[in-house]
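Student: Each chain, written out:
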Amino acid sequence: MTVLAAIRPDSWNFPLFLHVLGAMILVGGLLTGVSSLAFARGDVRFLRLGYWSLLAVSLPGWILMRAGGEWIASREGWTKEGVPSPTWLDIGFLLADLGGLIILISLIVGGVGVYRLRAGKGSGLLKATLVLSTIALAAYVVAVWAMAGKPN
Amino acid sequence: MSFNDWLLALHVLSAFSYVAGIVLFWILIVAVRKIDTPEETIRMEPIVKVGNAAVAIGGVGTILLGIWLAFALDGYAIWDGWIIAALILWAIAGAFGQRTGAAYMQGMTKAKELEAGGQGGTNAELLALNRTSSGVLMHTLASLVILLLLLDMIFKPGA
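Chains as they are written, first to last, in the working numbering: chain A, 3 to 154; chain B, 26 to 184.
Heads up, some of the hints might be wrong.
As the list claims (entries may be wrong) - Distance condition first, Cα-Cα at most 27 Å in a straight line; then the derived DSS-like pairs of lysine-lysine:
1. K74/B - K135/B
2. K59/B - K74/B
3. K137/B - K59/B
4. K59/B - K129/A
5. K137/B - K74/B
6. K123/A - K59/B
7. K59/B - K135/B
8. K74/B - K129/A
Claimed, not checked - Selected chain B positions facing chain A (Cβ under 7 Å, derived; list incomplete):
9. M26
10. L49
11. A56
What the hints assert, rightly or not - Computed spacing ranges between beta-carbons, pair by pair:
12. W104/B - R43/A: 50 to 56 Å
13. R10/A - W31/B: 20 to 26 Å
14. I67/B - V85/A: 28 to 34 Å
15. V114/A - D99/B: 15 to 21 Å
16. G84/A - V85/B: 25 to 31 Å
17. S87/A - Q123/B: 41 to 47 Å
18. I109/B - R10/A: 36 to 42 Å
19. E83/A - I67/B: 57 to 63 Å
20. W93/B - T89/A: 22 to 28 Å
21. D99/B - G84/A: 28 to 34 Å
To be clear, the hints were calculated from the coordinates, so they are not data collected in a lab. In this text, all values refer to a predicted model and were calculated from it rather than measured experimentally. Just so you know, even glycine gets a beta-carbon here, dropped at the ideal spot from N, CA and C.
With these hints in hand, go ahead and build the complete structure from the sequences.
Tutor: Rendered as structure tokens:
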């Protein structure tokens, strides 16, 4: 697989770059969001920082990662009808989409939580955002392992 | 998965850890520009530690596993131009990163001094330190070098 990577056509490189860059931004945003929410201890500024890290960094990163992933999969011929996809790609797609759904739910829940903070109410919903974004971060660590190690 | 496949996966995970740390520090750089009290500056310390750990794990993991893979895998050699370029870029990024850390630690140190002296309110000098332009410049340069490193790893010029 690694030798294959070394000789992959040049036309695959740019979509792969966008895919990896998006994934790195996504993971960075999640790490920041999780850290800020975990260490906020009720401080409104840090709760908001955690939420906005997810919204303004992770979400754009996810879009770039997913679009780049679809592009590179198409270039490599995995999206053609009748072509069986390898296990590592199935894991990657599954976790990318599942993680995206979890992030979306965490953003909706967190958005309501931030709105409630403005009204002086508790930060319980942002704790749910913390749990969901931690799960998404763990899922993407597994996805990176699968995409890089390419288990059969 | 072979042993080398595992090492490659850990090498890539290390790269993700490194860039995740860089992204985390960008978010903190933006956030700290509005912070002018010792208490809130100090409250950032646990998040800074997470970023430091991510960069440290990423930095050590990428270089050690990358060098191992350069020797272990057929088709790669440590003297390949793109690998030498990666080693140089890794060292430059680390140097810029250290300078970024030093610039922002001035604000943290000042905040701790103020808190120890019982001066808990807003402080213009602390705000100026938290808005360090040299820190922003160093982090921008580190980020650009890491971007070049990523391009080098993916495009492998000359391979």
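Student: For each hint, tell me whether it holds in the structure or not.
Tutor: The hints, checked one at a time:
1. At roughly 18 Å between alpha-carbon atoms, K74/B and K135/B fall within 27 Å of each other, so this suggested pair holds.
2. The suggested pairing of K59/B with K74/B holds, with an alpha-carbon distance near 20 Å, which does not exceed 27 Å.
3. In summary, the hint linking K137/B to K59/B is supported, as the alpha carbons are separated by about 18 Å, within the 27 Å threshold.
4. Restraint check for K59/B and K129/A: the C-alpha separation of about 24 Å stays at or below 27 Å, so the hint holds.
5. About 16 Å separates the Cα atoms of K137/B and K74/B, which keeps this hinted pair within 27 Å; it holds.
6. Under the criterion of a C-alpha separation no larger than 27 Å, the hint pairing K123/A with K59/B is consistent with the structure, at around 24 Å.
7. A threshold of 27 Å between alpha carbons decides the hint, and for K59/B with K135/B the separation of about 16 Å falls inside it, so the pair holds.
8. Between K74/B and K129/A the CA atoms are separated by roughly 21 Å; this keeps the pair inside 27 Å, and the hint holds.
9. About 5 Å separates the beta-carbon of M26/B from the nearest beta-carbon of chain A, less than 7 Å, and the hint is met.
10. Checking L49/B against chain A by beta carbon gives a least distance of about 4 Å; that is within 7 Å, so the hint holds.
11. Because the beta carbon of A56/B sits about 5 Å from the nearest beta carbon in chain A, less than 7 Å, this interface hint is met.
12. Between W104/B and R43/A the beta carbon distance is about 51 Å. The supplied range of 50 to 56 Å therefore holds.
13. For R10/A and W31/B, the hinted distance range of 20 to 26 Å is satisfied, since their beta carbons lie about 21 Å from each other.
14. The given range of 28 to 34 Å is broken by I67/B and V85/A, whose C-beta atoms sit roughly 55 Å from each other.
15. At roughly 54 Å, the beta-carbon separation of V114/A and D99/B lies outside the given 15 to 21 Å, and the hint is violated.
16. Between G84/A and V85/B the beta carbons are some 44 Å apart, a value that contradicts the proposed interval 25 to 31 Å.
17. For the hinted restraint 41 to 47 Å between S87/A and Q123/B, the CB-CB distance of approximately 43 Å keeps it satisfied.
18. The hinted window of 36 to 42 Å between I109/B and R10/A is violated, with their beta carbons roughly 21 Å apart.
19. For the pair E83/A and I67/B, the beta carbons lie near 58 Å from each other, so the given range of 57 to 63 Å is met.
20. Range check, W93/B to T89/A: about 25 Å between beta-carbon atoms, so the 22 to 28 Å window is met.
21. Between D99/B and G84/A the C-beta distance comes to about 32 Å, which sits within the given range of 28 to 34 Å.
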